[in-house]
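K.L.:
Here are the chains, one letter per residue:
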Amino acid sequence: MHPTEVVHHHKQTNTGVDDRKLGMWILIISECFLFGTLITNFLIHKKSVKPGTPGGIDVFDIEITTWSTFVLLMSSVAMVLALQACKNRALRPFQFWTFLVALGGLIFLGFQYYEFSHFLHNDFGFTTNLFASSFFLLTGCHGLHVLVGTLWLSTIGITSLIRGDRWFSPVSVEIAGLYWHFVDVVWIVIFTVVYLYIYL
Amino acid sequence: MPRSDISSHDKKLSPITKKYLIICVVLVILTLIEYFVFKIETIRDNPVIMYPFLGALSLVKLVLVVGSYMHLESEPRLLKFLFFGTAILTVVIFTILMLSSPLT
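Protein chains in written order, with the working numbering: chain E, 1 to 200; chain G, 201 to 304.
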C-alpha cells in the first residue's frame with residue numbers, strides 16, 4: 001500500500017457499511033426515482049411543442065452545455081482529491097480542493113443562469129409549452145441539487161478554515177462527496193437525454 | 201510519519217491520485233467525442249448509429265464516476281446491488297410508463 005493511502009476505518013455495523021454512508025446511499029437511490037420521474041416526464045412531453053412556440057432545437061446552445069458538463073466533471077475530480085487530502089490529514093490541499101469543488105458548482109449555476117436568461121429572451125419560459133415546462137422542471141431541480149451541494153461543501157470548507165486541523169472528518173467529506181458525484185452522474189444522463197437526443 | 205516526510209512524499213502523485221486523474225482525462229475525452237458526434241451532420245443524420253453510440257458513451261461515463269469516484273467498486277456487495285438494482289429497476293419502470301403513455 002502506498003504510504004499516503006489511509007485505510008478506511010468504519011464503525012462495525014450489521015451491514016458492513018457505516019450507517020451514515022448507508023443513509024446517503026439510500027437517499028441517492030430515492031433520488032434515482034425522483035430524477036427517473038422527471039426525465040420520463042420530459043421524454044413524454046418532448047414533442048408537446050405548441051405551433052408557433054420555440055422548441056429545444058430552436059433555443060439549445062450545445063457549446064454552453066458542453067462547457068458546464070466539463071466544469072461539473074472537473075469539480076468531481078476536485079471532490080475525490082479533497083477526500084484524499086482529508087484522509088491524509090493534509091489541511092491546505094483539502095481546503096483548496098473543497099473550495100474548488102464549490103467554485104465549480106457556482107460556475108455551473110452561472111452557466112445555468114445564463115442559459116435560462118437566454119431562453120427567456122427567446123420567449124422560451126416555464127409556461128411556453130409542455131416541453132418547456134418539463135425541461136425547466138428537470139434542469140431546475142438538478143440546479144437546485146447543485147446549489148445544495150455547493151452550500152454543503154462551502155460549509156465544510158469554512159468549518160475547516162475556522163477549526164483548522166482540529167477538524168478532519170473523512171466520513172462527513174465522503175458523504176458530501178457521494179452526493180456531489182451523484183449530482184454529476186445525473187447531469188451526465190441529462191446532458192445526453194435532454195441535449196444530445198434533441199433530434200430524436 | 202514525521203511531517204517533513206509526509207510533505208516530501210506528497211510531491212509525488214500517489215497511485216490512487218494518478219488513477220483519478222486518468223479517469224478524469226477519459227471523462228473529458230468521452231464528453232468531447234459526444235460533442236463532436238453531435239456536431240457532425242453525417243453522423244447526426246444517421247440516428248441508428250448516433251443514439252446508441254451516445255447512449256453507450258454516457259453509460260461508460262456513468263459507470264466510471266459511480267465505480268471510481270463514488271468508490272462503489274470497493275464497497276460491499278450490498279451497496280452495489282442496491283445501486284445498480286435500483287438503477288435498472290428505475291429504467292425498466294419508467295420505460296414501461298413512457299411506452300404506455302398516449303403522448304409518446
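Please keep in mind that the hints were generated in silico from the structure rather than gathered at the bench.
All C-beta atoms in this analysis are idealised placements derived from N, C-alpha and C, irrespective of residue type, glycine included.
Mixed in with the good hints there might be a few duds.
[Said to hold, decoys possible] A few chain G positions that, by computed beta-carbon distances, are all more than 10 angstroms from chain E: (1) Val-228; (2) Thr-242; (3) Glu-275; (4) Val-291.
[As the list claims (entries may be wrong)] Partial list, derived from the structure: chain E residues whose beta carbon lies under 7 angstroms from chain G: (5) Trp-25; (6) Leu-34; (7) Leu-43; (8) Ile-44; (9) Ser-76; (10) Leu-151; (11) Trp-152.
K.L.:
All hints, please: hold or fail.
P.N.:
Results of checking the hints against the structure:
1. Val-228: 6 angstroms, violated
2. Thr-242: Answer for Thr-242 (chain G): holds, closest chain E Cβ roughly 13 angstroms.
3. Glu-275: Contrary to the label, Glu-275 (chain G) does not stay out of reach of chain E, its closest Cβ about 7 angstroms off (not over 10 angstroms).
4. Val-291: 8 angstroms, violated
5. Trp-25: 6 angstroms, holds
6. Leu-34: Violated: closest Cβ of chain G sits about 10 angstroms from Leu-34 (chain E), beyond 7 angstroms.
7. Leu-43: 6 angstroms, holds
8. Ile-44: OK, holds: Ile-44 (chain E) within 7 angstroms of chain G, min 5 angstroms.
9. Ser-76: With a closest approach of 6 angstroms, the Ser-76 (chain E) hint holds.
10. Leu-151: 20 angstroms, violated
11. Trp-152: 16 angstroms, violated
The structure does not agree with the numbered hints 1, 3, 4, 6, 10, 11 stated previously, though it agrees with the rest.
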